Amino acid sequence: MDPVLPNHHLALIEALLFVSKEPVEPGRIMEYLGISDIDEFEKILSTMEKELLLDHAERGLMLKRSGGGLQLVTKPDLHEELKEFFTVKQATKLTIASLETLSIIAYRQPATLTEISLMRGVNSTGPVKNLLQKKLIKITGRKQVPGLPALYATTPEFLIYFGLNDLSELPSLEELTELFEEKEQPSLFK
Amino acid sequence: MMETEFSGYQVQTEFFEGPLDLLLHLIRKNKMNIIEVRLSQITAEYLSYLEGKRGINPSRESEFLMTAATLIYIKSRSLLPKPENPEEESPEKQLIHTLIEYEKIQKISKMLRDMEYTELLLWRRLEMNENFVNREYELKEVSAFQLAEIFFDIVKKKEYEQFLEIPSKNYSIAKKQEEILTLLAASGYIDFSEYVSKLDSVEEIVVSFFTLLEMIKRHMLIAVQETLFGTISIFRNEASKLEN
Chain A
57 MDPVLPNHHL
67 ALIEALLFVS
77 KEPVEPGRIM
87 EYLGISDIDE
97 FEKILSTMEK
107 ELLLDHAERG
117 LMLKRSGGGL
127 QLVTKPDLHE
137 ELKEFFTVKQ
147 ATKLTIASLE
157 TLSIIAYRQP
167 ATLTEISLMR
177 GVNSTGPVKN
187 LLQKKLIKIT
197 GRKQVPGLPA
207 LYATTPEFLI
217 YFGLNDLSEL
227 PSLEELTELF
237 EEKEQPSLFK
Chain B
4 MMETEFSGYQ
14 VQTEFFEGPL
24 DLLLHLIRKN
34 KMNIIEVRLS
44 QITAEYLSYL
54 EGKRGINPSR
64 ESEFLMTAAT
74 LIYIKSRSLL
84 PKPENPEEES
94 PEKQLIHTLI
104 EYEKIQKISK
114 MLRDMEYTEL
124 LLWRRLEMNE
134 NFVNREYELK
144 EVSAFQLAEI
154 FFDIVKKKEY
164 EQFLEIPSKN
174 YSIAKKQEEI
184 LTLLAASGYI
194 DFSEYVSKLD
204 SVEEIVVSFF
214 TLLEMIKRHM
224 LIAVQETLFG
234 TISIFRNEAS
244 KLEN
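Which chain is which? The protein sequence lines are A and B, in order.
Sequence positions in the first sequence follow the working numbering and run 57 to 246.
Sequence positions in the second sequence follow the working numbering and run 4 to 247.
The set of hints was computed from the structure by calculation and includes no laboratory data.
Just so it is clear, the structure is predicted and the values come from calculations on it, not from any experiment.
Here a beta-carbon is modelled for each residue, glycine too, at the ideal position from N, C-alpha and C.
Please note: incorrect hints may appear among the correct ones.
As the list claims (entries may be wrong) - Negatives, chain A to chain B, calculated, CB over 10 angstroms: (1) Asn-63; (2) Leu-68; (3) Pro-82; (4) Gly-83; (5) Ser-92; (6) Glu-105; (7) Lys-106; (8) Glu-114; (9) Lys-131; (10) Asp-133; (11) Glu-156; (12) Met-175; (13) Leu-223.
As the list claims (entries may be wrong) - Computed far set for chain A versus chain B, every beta-carbon distance over 10 angstroms: (14) Ala-67; (15) Gly-124; (16) Tyr-217.
What the hints assert, rightly or not - Partial chain A-side listing against chain B, Cβ under 10 angstroms, derived: (17) Ala-71; (18) Lys-77; (19) Tyr-88; (20) Phe-97; (21) Lys-120; (22) Gln-127; (23) Phe-142; (24) Ile-152; (25) Tyr-163; (26) Arg-176; (27) Val-178; (28) Ile-216; (29) Gly-219; (30) Leu-220; (31) Thr-233.
Excised from the complex, chain A in its bound form (with noise of 0.2 angstroms):
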């Protein structure tokens, strides 16, 4: 194989992210370029986040680094111009009950239905098919107590779809409770 042309790295990413439906390792395409050097890719993709795309007010498209991969996405503030082109409906949110099934897992994981159920004090049957069905999450195994119950945990997907790169970016349980005191609390030294 024809060695790539530094100046032509930028180019081939750009077209990479383009045409590939989901997140691209950055590990393949630095193998594919010959870089070991993270830095030295780094620099190319803060090149394009920069020069390309994120600068310039006339660029319809973003990097945006999700699910361990890169990939190609639209600005945020085209949203309602492009659901208006390909007259595209709301797009569907997950309910309530999905997304505390979805918060137990995720930070229990992996978690048996009766312990959702239990946290949730509510039957999470319902949730979890649906969930399961939007492959946010997957069975990983059983649970080696009567009954042999089926162990769930998020999927690759999960993190795409909330724009995670990978688990530990979710914000720890103490952080949570911090950000939302600072939310919450009422303006009494203004």
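Please build the complex by placing chain B on the supplied structure of chain A, with the hints as guidance.
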């Protein structure tokens, strides 16, 4: 099912995800601190909410009723003198602990909702939903429940078929088991729907189905489903191995 009155999807006017959601709502409404909350104080409000609902659908609201029972139990305990030692996990402490945990879940859900909102504004090469559909299927082990669902579907279909009167034949589980094992030895696997639809009578289907269930229970067979609502394939369970 005796659900004629409540059939279909229910829309609740004052919607609470469950008893915990309602309890948290009442605690917040009364500006109580969740850690120091006296559950016996909000019991009355909780019960009046249940009373205010017109008709209780037992299958949907059993959880609300169960929590009501717990609340009444807690209240009755609080009226009695307390011989128990404070170290003991009282039902009140347990419920409060569950509530604290549930409050966290609500916070995480809110955060996920925000993240979902941000992400839904970004369009990808393929719309997310399509992306989901086109994914490769993972093989999933099927539960006896799913197997039963498919079974009843097939029996329903058979009911509408015309049958010729044939003198009844007695089927036995032992014979069926042999037959299934021979079939498996010959072709490697059995497509459940296909197999059952080829059988002659409802009686034979029932016997075959019970044989399959029995064999799965004894870990002689394994049932696998390729897609969520797809067909079920039955294999011999080589070594009855369990996933960890």
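Structure-based check of all given hints:
1. Annotated as non-interface, A/Asn-63 keeps its C-beta farther than 10 angstroms from every C-beta of chain B; the closest such distance is 26 angstroms.
2. A/Leu-68, annotated as away from the interface, keeps every beta carbon of chain B farther than 10 angstroms; the closest lies near 17 angstroms.
3. Its beta-carbon lying about 17 angstroms from the closest one in chain B, A/Pro-82 satisfies the requirement of being farther than 10 angstroms from that chain.
4. Distance to chain B confirms A/Gly-83 as a non-interface residue, since its nearest Cβ pair spans about 20 angstroms, more than 10 angstroms.
5. With a minimum CB-CB distance of about 28 angstroms to chain B, A/Ser-92 clears the 10 angstroms threshold, and the non-interface call stands.
6. At the 10 angstroms boundary, the C-beta of A/Glu-105 stays outside the reach of chain B, the nearest C-beta of that chain being 14 angstroms off.
7. Non-interface call for A/Lys-106 relative to chain B: holds, since the shortest CB-CB distance, roughly 18 angstroms, exceeds 10 angstroms.
8. Once the 10 angstroms rule is applied to beta carbons, A/Glu-114 is consistent with being away from chain B; the minimum gap is 18 angstroms.
9. Some Cβ of chain B comes within 10 angstroms of the Cβ of A/Lys-131; the nearest lies about 8 angstroms off, and the non-interface call is violated.
10. Against the 10 angstroms criterion, A/Asp-133 falls within the reach of chain B, whose nearest CB is about 8 angstroms from its own CB.
11. Listed as outside the interface, A/Glu-156 is inconsistent with that label: its C-beta sits roughly 5 angstroms from the nearest C-beta of chain B, within the 10 angstroms cut-off.
12. With 10 angstroms as the threshold on Cβ separation, the claim that A/Met-175 sits away from chain B is violated: the shortest Cβ distance comes to roughly 6 angstroms.
13. Against chain B, the non-interface label of A/Leu-223 holds: every CB pair exceeds 10 angstroms, the least being about 13 angstroms.
14. Every CB of chain B lies more than 10 angstroms from the CB of A/Ala-67, the least distance being 18 angstroms, so the non-interface label holds.
15. Every Cβ of chain B is farther than 10 angstroms from the Cβ of A/Gly-124; the closest lies at roughly 15 angstroms, confirming the non-interface assignment.
16. Separation of A/Tyr-217 from chain B is inadequate, the least Cβ-Cβ distance of about 6 angstroms not exceeding the 10 angstroms criterion.
17. Checking A/Ala-71 against chain B by beta carbon gives a least distance of about 13 angstroms; that is not within 10 angstroms, so the hint is violated.
18. For the restraint placing A/Lys-77 at the interface with chain B, the shortest Cβ-Cβ distance is roughly 5 angstroms, inside the 10 angstroms limit, so the hint holds.
19. Taking 10 angstroms as the C-beta cut-off, the interface hint given for A/Tyr-88 is violated, the closest approach to chain B being about 19 angstroms.
20. Interface hint status for A/Phe-97: violated, as the beta-carbon distance to the closest one in chain B is roughly 22 angstroms, over 10 angstroms.
21. Satisfaction of the interface hint for A/Lys-120 is found here, the shortest Cβ-Cβ separation to chain B being roughly 6 angstroms, below the 10 angstroms cut-off.
22. With a least beta-carbon distance of about 6 angstroms to chain B, the hint placing A/Gln-127 at the interface is held under the 10 angstroms criterion.
23. Taking 10 angstroms as the C-beta contact cut-off toward chain B, the hint placing A/Phe-142 at the interface holds, the least distance being around 9 angstroms.
24. A distance limit of 10 angstroms between C-beta atoms decides the matter here; for A/Ile-152 the minimum to chain B is near 6 angstroms, and the interface restraint holds.
25. Given the 10 angstroms rule on beta carbons, the hint for A/Tyr-163 holds: about 6 angstroms separates it from the nearest Cβ of chain B.
26. A least Cβ separation of about 6 angstroms between A/Arg-176 and chain B falls short of the 10 angstroms threshold, and the interface hint therefore holds.
27. Hint status for A/Val-178: holds, given a least beta-carbon distance of 4 angstroms to chain B, under 10 angstroms.
28. Nearest Cβ of chain B to the Cβ of A/Ile-216: about 8 angstroms, under the 10 angstroms cut. The hint holds.
29. Of the supplied interface hints, the one on A/Gly-219 holds, with its beta-carbon coming within about 4 angstroms of a beta-carbon of chain B, less than 10 angstroms.
30. The restraint placing A/Leu-220 at the interface with chain B holds, with a minimum CB-CB distance near 8 angstroms, inside the 10 angstroms limit.
31. With a cut of 10 angstroms, the hint placing A/Thr-233 at the interface with chain B holds, because the nearest CB-to-CB distance is about 7 angstroms.
When each numbered hint is compared with the structure, violations occur for hints 9, 10, 11, 12, 16, 17, 19 and 20.
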